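Enquirer: Taken in sequence, the protein lines are chains A and B. Each residue of the first sequence is one higher than the one before, counting from 20 in our numbering. Each residue of the second sequence is one higher than the one before, counting from 173 in our numbering.
Selected chain A positions facing chain B (in silico; Cβ < 10 Å):
#1 LEU23
#2 TYR30
#3 TRP32
#4 ARG33
#5 PRO356
#6 GLU357
#7 ILE364
#8 GLY365
#9 ALA366
#10 ASP367
#11 ALA370
Computed spacing ranges between beta-carbons, pair by pair:
#12 B:ALA384 / A:LEU383: 47 to 55 Å
#13 A:THR337 / B:ASP233: 44 to 52 Å
#14 B:ARG336 / A:LEU351: 29 to 37 Å
#15 B:ALA251 / A:GLY55: 47 to 55 Å
Note that these hints are calculated values from the structure, not bench results. Here the structure is a predicted model, which means the values were calculated and not measured. Cβ atoms here follow ideal geometry from the backbone N, Cα and C, with glycine treated the same way.
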Amino acid sequence: MTGLVRLAALYLWRHAGWSALIMAVLAVLAAIPMVGARLAGLATEEMTARAATTPLIYGPAGGALELTLDALFFTGAPDPGLTMADYEDLASQELGTVIPVLRTHAAHDAPIVGVDVEYLEMRELVIAEGRPMVLMGEAVAGAAVARRLGLTPGAEVQSDARGAFDIAGSAPVRLQITGVLAPTGMADDEAILTTLRSAWLVAGLAHGHEDLAEADEAVVLSRDDGVVVANARLQEAIRVTDVNRGDFHFHGAPEDRPLGALLVFPHDARAAALLRGRVEDAGDARQLIRPTEVVRMLLDDVFRVRALFELATGVLGTAGIAALAGMVALTLRFRRPEFELARRIGADRGAVVALVGLELAILLAAGLVLAAGLTATVDVFGRDLYLWLLFGAT
Amino acid sequence: MADVAPVIDARALRFSYPGGGFRLSVDAFSAQPGETVALIGPSGCGKSTFLNLLAGVLRPDAGNVTLDGTPLSPLAEKARRRLRARAVGFVFQDFGLLDHLSARDNILHPFRLSGALRLTGDVRDRLEALAARLGIAALLDCRPQRLSYGERQRVAICRALLSRPRLVLADEPTGALDPATKRAIVDLLVEAARLEGTALVTVTHDHALLPAFDRVEDFAKLAVVQ
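Using the sequences and the accompanying hints, generate a full structural model.
Expert: Printed below as a string of structure tokens:
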């Protein structure tokens, strides 16, 4: 038997390309269903967990799924259709904790999400390094985005020049990282959390620039009773510092500043029912949704798609196995002279069959080990992979 | 020599391939231990078929072949294979070496694929000794494609002789070689056969090599081919 093992191993080794191809095909055929099941399980677990910790979401009328994706998973097209007036109105009812969320821009594909500091507490987010964001221009980075961009407290991250909400374009803003979150396995890992004022700043609703009273005369068009008019050469600040923080200012009424959604944590079931009733009574411009229901409907769709995916995988798998069998049959045909030689030198037919069987068994075993390795990789990096699949970056 | 039982003895052989078109008849052929026989004849006259009948690779329609005292006809395929592994060594014109194996592994190939042969330390020692005698001791770890044609044929001869066969069948073993190498290969085969008491039946077209053999059989006279 050791002689046969040696012969089989030598054949596979000397035909390494062919062996590797067969092994890879076997590994992929075996791994796809396993990896698919693991990823689907992770996605289900994560989405359900995230939704379960957020009782209600208040947002502009429209798709409940889009609102859920925006407010909970920081993905999809942002729709800042609420204002601070909505927040004040809901919070004043004192039926629960209300946390505003605003996402308009990203930095290196990581969403910049404006929230209250209370958000960290409600999500039970732990600052692994540094401190929470407090002042305008400060932010904390999720664990994954911090790892990806090499962010530590004291580092800066610059917002992308243009966000979906920001059609005219706005100047990029450098946010100072004051802390890094511990990994959660949820969407916060991929986010840069900042204060609402900072989010508005990023969205172009606030700005700072050099003091016009001390500005270079080259940028001043006119001075009239303390009113200074400057030209476009006036430098806008892109970094909030302790020195210039006071120079930043908003235009427009505070209650008109935009919000994407409000996360609502009612005190109890009665409060939740009251809120839902009041929102329904208020008309069609706003909606109050239960994310668990939305996620359940989404997962129902996902499971339907998954069943189709599994069917397609089955068909492809069968085709793959047939192609593999064809390749093996073709190879055996090419090896006829070898088998004829074996017959002439008196080789046992069983030994020749065992030799070929052993070669295939080695390839199958190696393919399965490779598939198990791929699946194990998904176990280790599954959350990152899942986040990447769902949110587009890790 | 006539008093010694022949290693190979074929009587009243009749053979045709399925579908007909080729019929071979040989009334009698035998070879004694240590005897070297050259089979000559035109291409396509059935010499290779005859060698396969002698080795039990092909089964005759009629008649019998007795190999090393054992009639082949009653034997099942498995038993014939085992007898062949033990008693017959083959040398082919195209060497019959596997490219993915080293010379050593090629020589040991029959021992790894046949239950009739046991790969012992003695066999390995004999391999080294045979390889030294054939001048390929330094080439045993090389794969065939790195060897010259002459070296490849020496490896094939080493494989044919390793199991101490009673009969070596060589089917045009010098066909692909230059004249000097042809002579050297035939001399090696003949010398080894005499030394080991092995009967050697060689198919050849090269008349210059015939003096090296004890006996020359003209296949056109030995056999009837239709």
